[in-house]
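So the protein lines, in turn, are chains C and Y.
Under this note's numbering, the first sequence has 151 at position 151, and the numbering climbs by one with no breaks.
Under this note's numbering, the second sequence has 72 at position 72, and the numbering climbs by one with no breaks.
There could be a bad hint or two in this list.
Stated by the list, open to error - List of simulated lysine-lysine pairs, BS3-like, C-alpha gap at most 27 Å:
1. C/9 x C/112
2. Y/3 x C/145
3. C/112 x C/123
4. Y/3 x C/233
5. C/233 x C/243
6. C/117 x C/243
7. C/233 x C/9
8. C/243 x C/9
9. C/234 x Y/3
Derived by calculation from the structure, the hints in this document are not laboratory data.
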Amino acid sequence: MGSIITRAKRIRLSRRLTQISTLVLLNLGFLNIWFANAQMGALRGICSPVLYCHSCPWATTACPLGVLVNFSRLQIVPFITLGILGLVGTFGGRLVCGWICPFGLLQELLHKIPTRKLTIPPKLSYAKYVVLIVFVLAVPFFWPKAPYTFCDGCPSSVIESTIPWAFVAYWTPTPGLFNGFTARFWVRAAITLAALVFVVLVSRGFCRVFCPLGAIFGLFNRFSLFRFNLAHKKCNNCGVCAKLCPVDIDPITQMNTAECVRCHECTIHRHIHMGVR
Amino acid sequence: MHKANAARLLGIVVLMVFCAGMIGYSARSVRYPVDGAPTSEFTITNLSLTHSVERAADGKLTNPHAEESQRPVEPNVQVARADTPKPAATVSATKKVAMKKIKSKPTINKQAAGKKPAPKKPALKKRDPKKKPAPKKPVPKPNRARACPT
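Next comes chain Y alone, as it looks inside the complex (with noise of 0.2 Å):
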């Protein structure tokens, strides 16, 4: 009977231990990643709450409510290679042989010339300064997340 009572308890301090390992594992090192962020399951446990997690169809966990601007950018595809030229020196020789031209062709006085002188525009109208500007229409906001009543 002691002998019993000896092995739940050390059943139980195992049991509790892996518990309380579980819960530091995930604290610690769990991260998940939501629209390519890694993020913690606190963190998508406070999200799931308001169906602001979800799983695409690709299979990626993505926050539909996240606006644009709060979206972390994807790295860009091209890496960067260390043998790459720099810009400057890409410039290629026909677009400097061009540059050369522009350089050295004579301004045209047009008026000058005889030729007729190009229509004026027709001048903006003035501001009323007493007309009030229409109002703006306000823009609408994205669909932001929200308590789940259900």
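Bound-form chain C, shown alone (with noise of 0.2 Å):
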């Protein structure tokens, strides 16, 4: 039992270490306070595979999902994107959701206030795809001037980007900085903070149901080079591992689906592990 708790602490330790991690190397751009000619937002024609939105001040690359929406808006194939999404995709599936997505970081920080928590139905899970089909590729690629698409109402976007740029155009007034307190201001606020709401409520809540990059992820859980395998011989179905599982799944029986977001938790009793095979 002790060597249970001692290996739950160091994975869920090393995770948040990985999640910190990334965060700063996304936010590179920070870099650019001490040293002027660091040019660290040179890298963002380049995305990295994680909801961080590039119009983040100290943003180091850019976001996958704002490169899809702007190319569908510019009706051209985003092939370095999609390179770099299949490349990440079929190596881990959705372990950068799990182990470095910033905003999964904010997800489970926020789940952590004691407020009752609720259970969504399974079927939910699919609004992420329509968030994509729909709001990522199609409402940009067929009205580029509409201001629907997804990244109208990301609340990533809010957070990382319209409160920091806010906060610059108050203390450095600049024209054109911060369009100040709008109508869309207000929109956007609220659907971010009914967003931030429903991920106390609900663990992990915009990676299951509103995420387009956990959509596409998800897509190569099953196949990726790393996935879950199940030792059947340990196993004497306890349930410990579904009552851990932050996305409400059984990882027995629903190994390696779209749903996992590859946290490890599950694999604390080494019944389930993560290999090759």
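Using the hints, put the two standalone chains together into the complex.
In structure tokens form, the structure reads like this:
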């Protein structure tokens, strides 16, 4: 029992460290404060495989969903972004959701707020595919000027871009940095607030219901290079892994489905382990 | 079971090579014309983040924030032909005759001919050295690309 607790602590600690390290790496633009010639924003031509808004003042790389939306708007194929998403997805599926996504980290921290927790029906998870097809691909492609794309309602964008730019505009008033508290701002703020309340109540709610990036990586979960395997001889169906799972799936029966974010919580018993097989 | 796993691994290798090839192909050969200039996908991604590239009504990609001087000049529609005569040789014969006439015409001294001299122009006001010049109005800068807070 002691070894299980130690293993669980070790997994959680290493996951937190990875998530925080990624957050720092995605914000290398802060080096521009001390090193004026650092030009860390120059890498924004390439996307990182996580949901992190490129409009953040410190962002190092571009957001893949932002690139997909913009390229759909321009009606051209984003070969580099598709290649990066394909490579990362083939390597580990939704491993990035569980281990390196900063918005996943925020959701996990918010879910620690002690309130009544809810479970959602599994069919609601199909909504993220609708979001991907409609708001990331179709709307910007057919109506390029319409302000109803995924980026226009993305809570990550409000937290990482709109609010920081509002502060920057307050301290160094520059026209064009912040459009002010317009109706559009309040709509986006309301969507963000609703999303944050939702993730407080539902564990990893945004990943499960809305995240189009999770929908893309989920397609790779079944056949990715690294995936979960079950040691049938060791498992005694105790159900502990199902209770630990943050996305409310049964790891024994629904192993490697598109919903699994590969957080490794279910591996503390060593009955489930990740491998190439 | 082993065969299925081998097939999966082979599929993964093929998919990874395909994705890596897609990145390499884009970096090496894919260029989109923005204002007529070939632009890489990397640059287009950078431009699109600040809404500095959009598709115009005629279907071409343009940079709405580009200054006029930065826009590449469209090549002239008239194509120079090898058999076109040089400009010096195109001076017409009538023009040559007119030039000869001007050269041969004697200059006339109007005062000597008894005609009134032309009225003098009013002298220009001298600038007061103590007076400071009026400050120049700032020229409005063209709308440039900026970070997008959306």
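Does residue 233 of chain C pair with residue 243 of chain C here, judged by a C-alpha cut-off of 27 Å? holds, 21 Å
Is the Cα-Cα distance between residue 117 of chain C and residue 243 of chain C 27 Å or less? holds, 14 Å
Would you check the hint for residue 233 of chain C and residue 9 of chain C, treating anything up to 27 Å between C-alpha atoms as holding? Holds. Residue 233 of chain C to residue 9 of chain C sits at ~25 Å (cutoff 27 Å).
Pair hint residue 234 of chain C and residue 3 of chain Y, alpha-carbon separation not exceeding 27 Å: holds, 25 Å
Taking only the CA atoms, is the gap from residue 243 of chain C to residue 9 of chain C under or equal to 27 Å? At roughly 16 Å apart (the allowed maximum being 27 Å), residue 9 of chain C and residue 243 of chain C satisfy the hint.
Check the hint pairing residue 3 of chain Y with residue 145 of chain C against an upper bound of 27 Å on the C-alpha distance. The hint is violated at about 51 Å.
Does residue 233 of chain C lie within 27 Å of residue 3 of chain Y when you go C-alpha to C-alpha? It holds: about 22 Å lies between the C-alpha atoms, which stays within 27 Å.
Below or equal to 27 Å on CA atoms is what counts here, so check residue 112 of chain C against residue 123 of chain C. holds, 25 Å
Does residue 112 of chain C sit within 27 Å of residue 9 of chain C, going by the straight-line distance between their CA atoms? holds, 16 Å
Hint check: a violation occurs at hint 2 only; the rest are consistent with the structure.
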